[in-house]
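Line by line, the protein sequences give chains V and R. Read left to right, the first sequence gives residues 1 to 228 (the UniProt record's numbering). Read left to right, the second sequence gives residues 1 to 247 (the UniProt record's numbering).
Because the hints were derived from the structure by calculation, they are not lab data. Check each hint, because a few of them may be wrong.
[Stated by the list, open to error] Lysine-lysine pairs mimicking DSBU-like chemistry, simulated, CA-CA at most 30 Å apart:
1) V:K88 - R:K207
2) R:K207 - V:K2
3) V:K98 - V:K196
[Stated by the list, open to error] What follows is a set of in silico ranges between Cβ atoms, one per label pair, in the way DEER data are often shown:
4) R:D120 - V:I30: 39 to 49 Å
5) V:T5 - R:I142: 37 to 47 Å
6) R:S117 - V:L27: 43 to 53 Å
7) R:Q135 - V:W3: 32 to 42 Å
8) R:E49 - V:P200: 48 to 58 Å
9) R:E203 - V:G67: 42 to 52 Å
10) R:G209 - V:A70: 26 to 36 Å
11) R:P107 - V:L40: 56 to 66 Å
12) V:Q161 - R:K16: 52 to 62 Å
13) V:M124 - R:I61: 49 to 59 Å
Virtual Cβ for every residue (Gly too), placed ideally from N, Cα, C.
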Amino acid sequence: MKWITKLLTSSLGQKLIMSLTGIFLILFLIVHLVGNLQLLAHDNGESFNIYAAFMSHNPFIRVISIGLYAFILLHSIQGIALWLTNRKAKGGHSSKGKVAGADWSSRNMALLGVLIFAFLCIHMGDFWVKMRFTDSLPLVNYPGHEGAVEDIFSRVHVAFQNIWIVIIYVVGVIALAFHLVHGFQSAFQTLGLNHKKYTPLIKGIGWLYAILFPLGFAILPLYHYFNL
Amino acid sequence: MKLTLHIWRQRSSKEKGSFETYAVTANEHMSFLEMLDVLNQELIEAKKEPVAFEHDCREGICGACSMVINGRPHGPVKGTTTCQVHMRHYKDGDHIWIEPFRAQSFPVIRDLVVDRSSFDRIIQSGGFISVNTGQAVDANSIPIEKDQAGEAMDAASCIGCGACVAACPNGSAMLFTAAKVSHLALMPQGAIENERRVQAMVEQMDKEGFGKCSNTYACEAECPKEISVLHIARLNRSYFKSMLTSK
Ligand code: HEM
Ligand code: SF4
Ligand code: FES
Chain V
1 MKWITKLLTS SLGQKLIMSL TGIFLILFLI VHLVGNLQLL AHDNGESFNI
51 YAAFMSHNPF IRVISIGLYA FILLHSIQGI ALWLTNRKAK GGHSSKGKVA
101 GADWSSRNMA LLGVLIFAFL CIHMGDFWVK MRFTDSLPLV NYPGHEGAVE
151 DIFSRVHVAF QNIWIVIIYV VGVIALAFHL VHGFQSAFQT LGLNHKKYTP
201 LIKGIGWLYA ILFPLGFAIL PLYHYFNL
Chain R
1 MKLTLHIWRQ RSSKEKGSFE TYAVTANEHM SFLEMLDVLN QELIEAKKEP
51 VAFEHDCREG ICGACSMVIN GRPHGPVKGT TTCQVHMRHY KDGDHIWIEP
101 FRAQSFPVIR DLVVDRSSFD RIIQSGGFIS VNTGQAVDAN SIPIEKDQAG
151 EAMDAASCIG CGACVAACPN GSAMLFTAAK VSHLALMPQG AIENERRVQA
201 MVEQMDKEGF GKCSNTYACE AECPKEISVL HIARLNRSYF KSMLTSK
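Kindly produce the complete structure, drawing on both the sequences and the hints.
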């Protein structure tokens with residue numbers, strides 16, 4: 001089993017962890033956005049609240065979400081560790097001018113990551129902690145659905161009346177967009193998947209993803225703030 | 001043309017360095033190194049210490065002439081070493097900042113000269129084939145597909161200059177290491193040992209304290225031989241495959 005530690009502590013192994021956890025997070029965001037688009041429904045929160053209750057009680061999803069929290073932490077800790085060793089390896093900067101290549105996102109992945117992390121803490125504290133660990137949410141009943149469910153929809157709606165929360169969300173998803181502009185294609189390069197045949201496609205999908213998904217997430221608070 | 005040079009002066013790796021300012025008159029036909037020769041001649045005549053910089057072939061093939069010019073390794077011209085940059089790219093009155101390659105694994109020896117023996121140790125760890133191939137054989141006695149030979153040749157054009165490390169915001173040596181791994185892996189003589197080689201060279205690269213590639217691609221943009229990051233992808237996949245399948 002020594003080879004596993006050798007692999008995972010090598011520079012390439014550490015990057016493999018970043019890439020695999022990053023791709024997992026990208027896939028997660030697809031599910032997360034599709035589910036949360038129910039926040040746009042004008043049904044007194046019925047579909048969203050029932051969906052939220054399902055997501056927090058289904059045992060399979062519970063297991064996946066524990067994996068998700070672990071992967072977020074692993075990705076963040078490994079990312080910061082890489083940033084620290086890389087700063088040391090650089091050992092001083094040139095005083096004038098700028099190198100070619102290396103776009104802004106690629107040089108600021110750690111900064112963007114920390115912004116995303118700070119956002120996640122606020123986001124989880126706001127909704128997930130309240131749903132999971134407190135009984136502060138009122139219960140509602142919907143005809144045709146068995147049992148009462150927590151009314152997280154109203155909590156979200158109230159939170160999104162606060163302009164500061166809306167601003168934090170918008171800044172959070174902008175950081176995510178820039179993180180993905182570099183991160184999406186980078187994850188494939190790390191895995192060794194770079195080829196004239198399909199890399200243009202990966203880059204194209206990466207750009208689309210990096211624009212459309214953050215935009216989708218930004219619409220949710222804006223939609224509620226402006227009571228659309 | 002009259003130029004103002006801001007040159008990094010540092011007596012040894014143990015002492016702190018700083019920029020010193022010099023005035024020099026050059027003409028557009030000079031190469032960048034000839035312009036520095038003119039400056040050094042004046043310094044010597046004034047009984048001052050000349051600027052130490054490395055050079056050998058002065059025709060873009062040895063990789064010795066390492067320096068950062070206005071923030072860019074090997075200066076402003078794409079796909080060109082410092083010795084091949086000519087003064088016609090500058091104009092009268094320009095200020096030029098000249099520094100050594102900066103990376104923890106390239107300690108400054110003096111002024112613009114850095115110690116790149118970490119590259120030699122990466123080569124020594126696996127950048128060779130273990131069988132004695134004897135005399136050069138007839139070029140066509142081992143059939144190799146043209147595209148394959150072309151790709152190996154592209155990788156082999158790496159001159160080991162270290163500009164990729166100097167350009168990289170992480171001080172990573174991946175482009176160099178990947179070029180060396182590729183040019184051997186793509187040839188039948190070198191392919192056999194690829195599994196062992198790729199592990200050994202990555203291990204040595206890490207041991208030398210180079211940074212960890214975050215795919216910024218600054219290396220490819222600044223490499224005087226325009227080595228492609230496709231080779232880094234090849235290194236990544238052969239390393240993972242080797243780790244999973246080797247004995
Ligand atoms: C949902 C949120 C996130 C997604 C989808 C995501 C996705 C990615 C992807 C795909 C990569 C590229 C991996 C590679 O180059 O192989 C990456 C790199 C990185 N991520 Fe994230 N990430 C997220 C959150 C975070 C957080 C919270 C942090 C840290 C606090 C972070 C820090 C980093 C760093 C530092 C890198 C660069 C690693 C390197 O190349 O050296 N990320 N991310
Ligand atoms: S890959 Fe390019 S920049 Fe790096 S050592 Fe080789 S020739 Fe120089
Ligand atoms: S002196 Fe040989 S490449 Fe410049």
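Is 43 to 53 Å a correct range for the gap between the Cβ atoms of S117 of chain R and L27 of chain V?
-> holds (44 Å)
Mind checking the hinted window 37 to 47 Å against the Cβ distance between T5 of chain V and I142 of chain R?
-> holds (40 Å)
Outcome of range test on Cβ distance (E49 of chain R, P200 of chain V; 48 to 58 Å) | holds (52 Å)
CB-CB spacing for G67 of chain V and E203 of chain R relative to the 42 to 52 Å hint = Given range 42 to 52 Å: violated, Cβ gap about 31 Å.
Would you say the C-beta atoms of P107 of chain R and L40 of chain V sit inside 56 to 66 Å of each other?
-> 59 Å Cβ-Cβ, so the 56 to 66 Å window holds.
Range hint 26 to 36 Å: satisfied by the CB atoms of G209 of chain R and A70 of chain V?
-> Since G209 of chain R and A70 of chain V have Cβ atoms about 30 Å apart, the given range 26 to 36 Å holds.
Quick one, are K98 of chain V and K196 of chain V close enough, alpha carbons at most 30 Å?
-> Holds: K98 of chain V and K196 of chain V sit about 28 Å apart, inside 30 Å.
Consistency of beta-carbon spacing, W3 of chain V to Q135 of chain R, with hint 32 to 42 Å = holds (39 Å)
Under the criterion that the straight-line Cα-Cα distance not exceed 30 Å, is the pair K207 of chain R, K2 of chain V satisfied?
-> holds (18 Å)
Mind checking the alpha carbons of K88 of chain V and K207 of chain R for me, to see if they're no more than 30 Å apart?
-> Holds, at about 14 Å.
Holds or violated: 39 to 49 Å for the Cβ distance of D120 of chain R and I30 of chain V?
-> Between D120 of chain R and I30 of chain V, where Cβ atoms are some 47 Å apart, the hint holds.
May I ask you to test the hint 52 to 62 Å on the CB atoms belonging to Q161 of chain V and K16 of chain R?
-> Distance hint for Q161 of chain V, K16 of chain R holds at roughly 57 Å.
Violated hints amount to a single one, hint 9; each of the other numbered hints is respected by the structure.
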